[in-house]
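*Asks:* Each chain, letter by letter, is given below.
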Amino acid sequence: MAEKRVHWSVYAFGVYLLLPLYWLVNMSLQRNQDIVGEFAIVPRNPTLTNYAEIFTNPVWYEAFGNSLAYVSINTLVSLTVAIPAAYAFSRYRFLGDRQLFFWLLTNRMAPPAVFLLPFFQLYSAVGLFDTPFAVAFAHCLFTVPLSVWILEGFMSSVPREIDEMARLDGHAFGYFFFRLFLPLIKSGLGVTVFFCFMFSWVELLIARTLTASEAKPIAVVMTRTVSASGLDWGVLAAAGVLTIVPGIAVVWFVRRHLARGFALGRV
Amino acid sequence: MRSMIVQDLDLGGRQPVSHEFRRGCINVVLGRNRSGKTRLARVLSGLETSAPGTVVCSDGDVSGADARERRVALVYQAFVNYPNLTVAENIASPMRAQGLSNSEREQRVQDLSARLRIADLLQRFPHELSGGQQQRVAIARALAQDAGVLVMDEPLVNLDYKLREELEMELRALLADTDLTVIYNTSDPRDAFKLGDEVVLMAEHEIIQSGTPLEVYRNPHSLTAASLMSDPGVNVWSEEQSLRAVRPEHLTLDSERIGDIRFEVVLTGLETNGSETFVHCSYQDNEWVARLGGMRHFEMDSTLALAAASGDVLQFARMDAAREHA
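Just so you know, the sequences run in chain order A and B. Its first residue numbered 1, the first sequence is counted upward by one per residue in our numbering. Its first residue numbered 1001, the second sequence is counted upward by one per residue in our numbering.
Pulled out of the complex, with its shape left as it was, chain B reads as follows (with noise of 0.2 Å):
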């Protein structure tokens, strides 16, 4: 058993966390910045131990276990290589810990260099590499330790986005045929979707809403899970002392009739990519982004008629939207 289970862990919240994060899984936590996913990352890896609360990995509780004790790695957001040691050594670095021998690293090195595709820079110091290199040795490092759980802390998100989709998919490969319990962080809702087997939401230093992507996404319980879960954020207005949200991607124009609610909202702004127009709009004071798809024109300030389907609307209660606006 390798899964790693949290109980009643402090992370600063109203309320302790406790999640069991599953073996042979991707555990995307998601959360925005300052939700306490990194505090999360560093008490899982027991660089920080002083969070009161049990955390349980394959060796049974290790809540007070220094991070040297722990069978866990951790790949930062930022690109963390020793700088004064060759990619080889750098990857070497967990095994010489552990006491393996020349041979055994020689060949674990070669093993996991092909495999992050690194093979070839194997005597250049990290300096040398660009920054989707540098976090391909971070990340072998990091699985040359061996260890159950690999903690991955936004590892992504300081690569320009055409390296970040590549290294992404490649990861989603690298990661599957293994049984390790991956914990990665994100704040980007796509992620969930295309690494997560499950998802973790966080906000305010607590776990809100677990599950499958799809469920979450499709039941989301509360509007801050909605709107994690989104992007951009969801369409928010009130309807019989009630909290209605629909999502951008739901919203169709009425004259392209999809949906059977209607909406009339001014529009105040567009955006385009060319293959989706983002309408910003408002509706009844509150700011609304609806996502359509093509190329779109519409006159500025001009009232237009959205609509959804009532299927997709999100209702929640309205103790959310105090929590929300706190």
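Here chain A stands alone, though its shape is the one from the complex (with noise of 0.2 Å):
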């Protein structure tokens, strides 16, 4: 069998996609006097002090915790309210479904930061304030139209038939939609679960708005982990390390799925 070669720039390419993470990587796992002494391509005295601190210390590992808890809930909600309404959307005509369908997708064009003031005035008047709900609610805004649209273009290239087909044989309808369809759209479940967990995992904006110091995520926290005592590099750099691991592992999972997620569901 013939080698394939694989043209150079693929690995140019390559490094320079590569190279900031590296050096995050990098700087993780060195000290501070020594990322701000001489040049170094290697560390030259590795050391894992900087990830122990995060794991000791409240203020990292909570701040973790708490991005974990509004994405996970913001996941959960997203699905629960973006399946019934993608398959109504898939299987049933009803006036305005179009448009309605539409008008879904329109709510992304708006930038997150015109919704802040409403959020926050909203949320400091019932008392979701500085909580995971208020994120992972106002998350909701965009992670559910996306869900929707994702999951309804999965859901339409299940054939109507098997639908019918299971009402023929008798099965009750929540038989025939948990036993027999949502396994049929699993990969579409899997690249909504990551549009979702994506979307919220990195945003910045709403999530640093309607936090103060309890459900603080830790996006927010290495932002402003600039102390009296200047820039604490090693730390920063390791916490960056581990918020990018969530997403590699969600991303291994649906690998397969994701240019179809990116194409909305259609292919």
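Note that these hints are calculated values from the structure, not bench results. Hints should not be assumed to be uniformly reliable.
What the hints assert, rightly or not - Here are the simulated distance ranges between beta carbons:
1. B:Thr1178 to A:Thr106: 51 to 59 Å
2. A:Ala110 to B:Arg1014: 26 to 34 Å
3. B:Ser1018 to A:Ala110: 55 to 63 Å
4. A:Trp8 to B:Pro1083: 42 to 50 Å
5. B:Arg1124 to A:Pro111: 46 to 54 Å
Stated by the list, open to error - Here are some chain B residues pointing at chain A (derived, C-beta under 8 Å):
6. Ser1063
7. Ala1067
8. Ala1078
9. Val1080
10. Tyr1082
11. Gln1145
All residues carry an ideal CB built from backbone N, CA and C; glycine is no exception.
Could you use the hints to bring the two separately framed chains together as a complex?
*Replies:* In structure tokens:
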């Protein structure tokens, strides 16, 4: 078998993409004095103290916990709302269905900053401010429409006859929906989880505005960690590395279906 | 009593439909595309309950009942199976809904898969099967429902020719020893003869005639009925204020002298498959086809003398013609 040769530019591009990542990892394994000291490609005195700091200091690990909390709530709520909605859009015709469906997408056209003020005021009034729920619900405004679009595409690729056949077989709707239908679109569910997770995990503006101290997410802590003693480079870098890990994990699970997800389930 | 009766069922034609599909019979519903066959199948099976009218089966009046509550099975034209279930699980699906025990289900799955000759495929998934095998699974699942009525909507159309013939013969044998009420939709008149104990002709969302296949073949009430039961269609001409028609297979060469009516036609095309020759010709500005035995050859555009027996000529009132071309 003839070996396929990879063009040098592919390697060059790979290096270009990985360089900042590498540098982040590099920094996370050094002490501050080494980082600001002499330039080194490979850490001279590698250490895990930065990671130890994050896992022992509640400011850090609670921030991670906060982030994971609202991201999970957001993903859960988005799926719970979007699955029935997508099924309705996919299977039923009702007055204004097309318009409503398009309107869902137009929600994504508004920059998140637009909603800061109403969210802040509203959540303060009802006592949701500075809780994971505040951020999760605010993010739902963006992730629910996206989820509906993605899931509708996946659901519409399942022939309607499957639904009818389940009726003919005599299955109750619940059995059909959870046991026969959802397993058919499990890649779609995976992709939807990925998009919800990613949006919520990297979003900074809303997360920062709607939290103060209790529910402060990791991204916010990272941008605020400039203390009187200056920047703690090493710990920041370690936090950065740890922040990337969940993303990589999620991407890994849905890597085969991602392309279809970006096409909103329509291939 | 397990026959299926429809009364004043509105399928969108000018007249509502009333008919009794007899039990233990294969009722072939013959009609062209968009004649309302599929609509009828969906109404009978309960997938559509919005059509006004009455549907009665062994359980009584089921007009408003959803497919879940009706004991009617349906086989689609497309090969529809649950893609994420194995063949065995597919067949077991309706029995699971009925709450049969594991061992009963297993027993029935074995039994049905043996009858449909898919016993060695039970652990496969539908996408690993050929089209014919997929349809066998769909039929097995429909039978597993143990319903009184089995509706089949052009089940063999998507199969290639040889496979279709084969499965057709098997179906005939399979259904012969059940007392199911079978409703079999098709657009091919040959199916009516091969499978049908009874044939129901549909056109424009109405039932236009029904009876045994031979009865309907011999005595069509209208030109539409005659052409539905004929492949290729009937040859039409007008004479004395009425419309006459003769089937392609009833035309012979005048020189072979079987008929007593003579037609001078102009040859426009020839088509042969070795055992038969289809002679395309024109007679009084009508397109005709004659079906002659064996390989034939004639000069194109030549005039040909065809003959038919007067007993084979069908006669219809003019009214029908207006409707035919409407």
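*Asks:* For every hint, state whether the structure bears it out.
*Replies:* Here's how the hints hold up against the structure:
The beta-carbon spacing between B:Thr1178 and A:Thr106, approximately 56 Å, falls within the hinted interval of 51 to 59 Å. Against the hinted window of 26 to 34 Å, the Cβ-Cβ separation of A:Ala110 and B:Arg1014 comes to about 54 Å, which falls outside the hint. A C-beta distance of roughly 59 Å is found between B:Ser1018 and A:Ala110, which places it inside the suggested range of 55 to 63 Å. The beta-carbon spacing between A:Trp8 and B:Pro1083, approximately 44 Å, falls within the hinted interval of 42 to 50 Å.
Remark: the range hint 46 to 54 Å for B:Arg1124 to A:Pro111 is upheld by a beta-carbon distance near 52 Å. Residue-level restraint check for B:Ser1063 is violated (minimum Cβ-Cβ distance to chain A is 16 Å; threshold 8 Å). Using the Cβ-Cβ criterion of 8 Å, the hint placing B:Ala1067 at the interface with chain A is satisfied: the shortest such distance is roughly 4 Å. The beta carbon of B:Ala1078 is positioned within 8 Å of a beta carbon in chain A (closest approach about 7 Å), and the interface hint is therefore held.
The interface hint given for B:Val1080 holds, since its Cβ lies 4 Å from the closest Cβ of chain A, which is under the 8 Å cut-off. Here the hint on B:Tyr1082 is kept, as its CB sits about 6 Å from the closest CB of chain A, short of 8 Å. Annotation: interface hint on B:Gln1145 holds; nearest CB of chain A at approximately 7 Å, less than 8 Å.
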